[in-house]
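**Q** So the sequences go chain by chain: A and B. Heads up, the first sequence is in the numbering used here, so the first residue is 1 and it goes up one at a time. Heads up, the second sequence is in the numbering used here, so the first residue is 1 and it goes up one at a time.
Calculated directly from the structure, the hints in this document are not laboratory data. A hint or two may mislead.
Far from chain A by the CB rule (all over 12 Å, computed), these chain B residues [said to hold, decoys possible]:
{"#": "1", "residue": "Gln44"}
{"#": "2", "residue": "Ser52"}
{"#": "3", "residue": "Arg68"}
{"#": "4", "residue": "Asn76"}
{"#": "5", "residue": "Val78"}
{"#": "6", "residue": "Arg110"}
{"#": "7", "residue": "Pro123"}
{"#": "8", "residue": "Ser124"}
{"#": "9", "residue": "Gly125"}
Heads up, incomplete: computed chain B residues facing chain A, CB under 7 Å, no partners named [unchecked claim]:
{"#": "10", "residue": "Ala31"}
{"#": "11", "residue": "Ala42"}
{"#": "12", "residue": "Tyr49"}
{"#": "13", "residue": "Val65"}
{"#": "14", "residue": "Tyr80"}
{"#": "15", "residue": "Ala84"}
{"#": "16", "residue": "Thr85"}
{"#": "17", "residue": "Glu144"}
Even glycine gets a Cβ: it sits at the ideal position worked out from N, Cα and C.
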Amino acid sequence: MTAEIGQLALCLALALALVQSASGLLGVRSRAAASVASGAAMGLFVFVALAFGALTYAFVTSDFSVLDVANNSHTLKPLIYKITGVWGNHEGSMLLWVLVLAVYSAAIAFLGRGGVKLTSAALGVQGLLAFAFLLFILFTSNPFLRLDPPPFEGAGLNPLLQDPGLAFHPPTLYTGYVGFSATFSYAAAALITGDSDAGWARAARPFMLIAWIALTLGIAGGSWWAYYTLGWGGFWFWDPVENASLMPWLIGTALLHSALATERTGAFRSWTLLLAIAAFSLSLIGTFLVRSGVLSSVHAFANDPARGVFILGMIGAAVFGALGLFAWRAPKLEGGATFEAVSRETALLFNNVFLAAVTTAVFVGTLFPLFYRALTGRDLSVGPPYYALTFAPIFLGLLVLVPFGPRLAWRRGDLKEAVRALMPAIGAAIIAPLIVLTFAAPRALAGSGAFAIAAWLIAASVIDLSKRGRWNVIPASAFAAALAHAGLGITLMGIAGTTLWRSEALQVLGPNETMTIDGYTLRLHGVYRVDGPNYQAARALIEVRENDRVIATMAPEKRLYPAEQQDTTDTAIRSTGFSDLYVALGDERDGGKWVIRAYVNPLAPFIWAGAGVMALGGLAGLWGRLRVMFAPRLAPQAAE
Amino acid sequence: MRTYSPPASNILAMTPKQRRRLAFASALVVAGAGAAALIIYALQDNVLYFYSPSDVSEKHIASGVAFRVGGLVEKNSVKYDAGATIHFVITDGRTQVPVDYTGVLPALFREGQGVVAMGALEPSGTFQASEILAKHDERYMPPEVVSALKRSGRWKEGQ
Chain A
1 MTAEIGQLAL
11 CLALALALVQ
21 SASGLLGVRS
31 RAAASVASGA
41 AMGLFVFVAL
51 AFGALTYAFV
61 TSDFSVLDVA
71 NNSHTLKPLI
81 YKITGVWGNH
91 EGSMLLWVLV
101 LAVYSAAIAF
111 LGRGGVKLTS
121 AALGVQGLLA
131 FAFLLFILFT
141 SNPFLRLDPP
151 PFEGAGLNPL
161 LQDPGLAFHP
171 PTLYTGYVGF
181 SATFSYAAAA
191 LITGDSDAGW
201 ARAARPFMLI
211 AWIALTLGIA
221 GGSWWAYYTL
231 GWGGFWFWDP
241 VENASLMPWL
251 IGTALLHSAL
261 ATERTGAFRS
271 WTLLLAIAAF
281 SLSLIGTFLV
291 RSGVLSSVHA
301 FANDPARGVF
311 ILGMIGAAVF
321 GALGLFAWRA
331 PKLEGGATFE
341 AVSRETALLF
351 NNVFLAAVTT
361 AVFVGTLFPL
371 FYRALTGRDL
381 SVGPPYYALT
391 FAPIFLGLLV
401 LVPFGPRLAW
411 RRGDLKEAVR
421 ALMPAIGAAI
431 IAPLIVLTFA
441 APRALAGSGA
451 FAIAAWLIAA
461 SVIDLSKRGR
471 WNVIPASAFA
481 AALAHAGLGI
491 TLMGIAGTTL
501 WRSEALQVLG
511 PNETMTIDGY
521 TLRLHGVYRV
531 DGPNYQAARA
541 LIEVRENDRV
551 IATMAPEKRL
561 YPAEQQDTTD
571 TAIRSTGFSD
581 LYVALGDERD
591 GGKWVIRAYV
601 NPLAPFIWAG
611 AGVMALGGLA
621 GLWGRLRVMF
631 APRLAPQAAE
Chain B
1 MRTYSPPASN
11 ILAMTPKQRR
21 RLAFASALVV
31 AGAGAAALII
41 YALQDNVLYF
51 YSPSDVSEKH
61 IASGVAFRVG
71 GLVEKNSVKY
81 DAGATIHFVI
91 TDGRTQVPVD
101 YTGVLPALFR
111 EGQGVVAMGA
121 LEPSGTFQAS
131 EILAKHDERY
141 MPPEVVSALK
151 RSGRWKEGQ
C-alpha cells in the first residue's frame, strides 16, 4: 500500500511541478500567478517528502514486494543501514535529489528576497527542473515498482556502503549540488526579468553559501570515508566522481567571489551569471554523467542506456537552454562598472581566471578518456601525474595570490600598502620552509614550498583580522574570508605532509611476530573471528609500542558479508591529531599468517580539519547574510 | 568616473586607462593560453593506455612503459610467495599476462573475476603491478574489461 501512496505522491508532485513552473514564469507579469507558484512550491515539497517517507517505510519494514527494496536491502541489515540504504541505490538517490530540490524551492518561496518578479521567475525555473527530474524518476528510475511474487529475502546492500558515512555523505553532497540549482534559477530569473541591479546575486547569496558549505563538507567527508574504508591509506584518487564533485566546488568558489564584486560595485555582471549557470551545469554533470556508467568509476550504479539518453537530454536542455537565454538577454543588461588595475575587483578577477583554468584542467582530465574512446574505440585513463602537472601548479599559483584580495580596496587599491601590511606573513612564509627543511626527513623541496604557501595564507588571515580593530566590530564577511583562506592553508599542510612524508610497511605476520614502521613496533597478537549482525569478521589484535612502551591496541578487520558475498576492510586508525598510524588487515596466507599493511600519514588530520575551517568560514558568511536578511530595517537593499 | 571610452585602434592614441586595460586583457589571454598549453603538454605524457592481454602480446610494448592491463583473473593461477608478493595471470580468454603484485589486494579480487592492473612490463615479460583495481560489487564490471572481453569474443560466454 505504501508503494502506491508513494507512487501517487510522485504523480501529484509532477503535476505541481508543472503548475509551479507555469505560474512562476507567468508570475513575472501577474501577482496572482506568483502566489500560486509559491503555494505550488510548498505543495511540491510536501508530496516529494511523502514519497520519500513512503520509500523509507518500505525499506525499514523490508517490504520486498517493492523491487527497489528487494534489490538493495536485507532483513538482517541494522536499522541505520536500512534507512541510509534508501539513497544507497540509483532510484532512491534520485528521489533524495528531487527532495533536496523541493526543499530549496520551498526555501525560495519562503525566504525569497529581491522582489516578487525575481522570486517568481526563480520558482518557475526551479519548477521546470523538478518537472524534468520527476519525469526521469517516473519513467526510468521508479523506486515504487512492485515485484510479484516478492522474494523471501532481499539481495542486500553493497557492504562498502554499510558504513555511517552513507548517512552523511550523499545528503551533504546533494545539498551542495542541488543548492546550485537555486543560484542557477536566480540567474535565469535575472535574465528573464532583466534585473539590471544585482538584486539576484544578493537574493541568491544565502543559497550560494549553503551550497558551497555543504559541498565543502561533502567532498571532505567523502575523502575521509575513502581514507578509512578502502584500506589504501589515500585520501584522493582523482576518480571521475571525485573530480565531478570538485568541479562545481571550484566554479562555486569562483561564483562566491565574483558575485561579491557584482553585488558591491556591479562589476562582472555577465560573468557572474555565467558562473551561476556553469556551477549547476557541472553539478548536473557530476551527479549524472558519472552515474550513467560511461566513465569507469567507483560510484557508477547499474548501467541502463535509456537512463543515459534521458540524462544527457536533460543536461543538454538545462545547459543549452540557460546559455541560450544568457546569449539572448545578457547583452541587454546594463554595462559593468569600471575599476583600477590594482583593486579588489582585479584580485577577484585573478581568482576567477585561476579557478576557471583549474576547472578546465580537471574537466579535460575527467572527460578525455570518454572522447578518446568515442574517437578511437580504445581505452586510456588519466591519472594523478596529469593532475600533479596541471591542477597543482595552477591552484598553488592561485593560493599565492589569495592574501592580497582582502587587503585591496574596492575600485582602487594600494598594492604597496597591502604588501606592507602583509610583511609579517611574508616573514612567516620564509621561516616556515626553513623549519621544514631543517627538521623534516627526508628533505623535500616541494614540501617546504607547500609550507611556505600555507604559512603565508594562515598568517595573512590573522593579519587581515587584526587590522580590522576589535573582534566585535569585525564584519562577518571578514571572518568568513579569513577562516576560508586559512582553512586552505591547513588543508594544504595536510596534503603535503601525507603525500611527501608518508611511511608505508607491508609484511606477512604470524602470531606474536612484529614489524616496525616509523618508530612504532606492531606486534600481531592474533587474528580472531568475530560475528557482526550481518557479517563475519576476521579481527586482528595488534599491540603498538613506541619506545618500548605499549601505547595502543589496534583492531583492523576484514569482513565478509554472506548475503552479498563480498568482503570489505575495516581499517584501524590511531590519530594523534598531527599524525595517523593507519593499519589494514590483508589476506590470510598459509600457516595462519596474515598480510598487514601499515602507514604513518603525517598531518593527515589537517586535510579534513582545514576543510572544516573553510566550512566554518562559509557559515560565518551565511550568518552575516541571514542577520541582514532578517533585520529589514538594517538592510534597505533587501527591500523591493 | 567615465564608464565607457570609445575603442581606439592605435595604441599610441589610447588613454592611459585604455592602455592599462589592453595590457590587462593581454595578460589574461596569456594566462589562459599558458593553462591550455600546460593541459595539452600534461595530457601527452601522462595518460595511461589500457591494453587487453591480446594487445600486450601483439603490440610488443617496451618494458618500463606504464600502462593498464585488464581482463579476468585466470582460475587456479593465484600463487602467494613467502613475502607479501602475489603472482597471478590475467586473461582475456585468448592470451595471458603473468602479473606480480606486492601489497594488499582489493577486497573483491577473486579468481575468475574482472580486474584491472596498473604497472609496467619487466624484461622477462611479467607485468609488475603497482596497483590492482577490482570491480566494486557483483553487478559492476570495469567498462574497459568488458570491452577487452568483447574484443576477444569471450564476453558473457557460458552465461
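**Q** Holds or violated: is the Cβ of B:Val78 farther than 12 Å from all Cβ atoms of chain A?
**A** At about 10 Å from chain A, B:Val78 fails to clear the 12 Å cut-off, so the statement is violated.
**Q** Non-interface claim for B:Ser124: all C-beta distances to chain A beyond 12 Å?
**A** Given that every Cβ of chain A is farther than 12 Å from that of B:Ser124, nearest at about 23 Å, it holds.
**Q** Hint B:Tyr49 vs chain A: min CB-CB distance below 7 Å?
**A** 5 Å, holds
**Q** Given a cut of 7 Å on the nearest C-beta pair, is the interface hint for B:Glu144 held or broken against chain A?
**A** 4 Å, holds
**Q** Is the Cβ of B:Asn76 farther than 12 Å from every Cβ of chain A?
**A** 16 Å, holds
**Q** Against chain A, does B:Gln44 keep a CB gap of more than 12 Å to every residue?
**A** The assertion about B:Gln44 is violated, with a minimum of 10 Å to chain A.
**Q** Taking C-beta pairs only, is B:Arg68 more than 12 Å away from all of chain A?
**A** Check fails; 6 Å does not lie beyond 12 Å.
**Q** Can we keep the B:Thr85 interface hint, with Cβ of chain A closer than 7 Å?
**A** 10 Å, violated
**Q** Would you check whether B:Ala84 satisfies its interface hint, that is, whether its CB is within less than 7 Å of any CB in chain A?
**A** Since the shortest Cβ distance to chain A is 5 Å, the answer is holds.
**Q** Classify the label on B:Arg110 as holds or violated, using whether its beta-carbon is more than 12 Å from each beta-carbon of chain A.
**A** At about 10 Å from chain A, B:Arg110 fails to clear the 12 Å cut-off, so the statement is violated.
**Q** Under 7 Å, Cβ to Cβ, is where B:Val65 needs to be relative to chain A, so tell me if that hint holds or is violated.
**A** 13 Å, violated
**Q** Examine each Cβ of chain A, and state whether all of them lie more than 12 Å from the Cβ of B:Ser52.
**A** 9 Å, violated
Comparing the model with each numbered hint stated earlier shows that hints 1, 2, 3, 5, 6, 13 and 16 do not hold.
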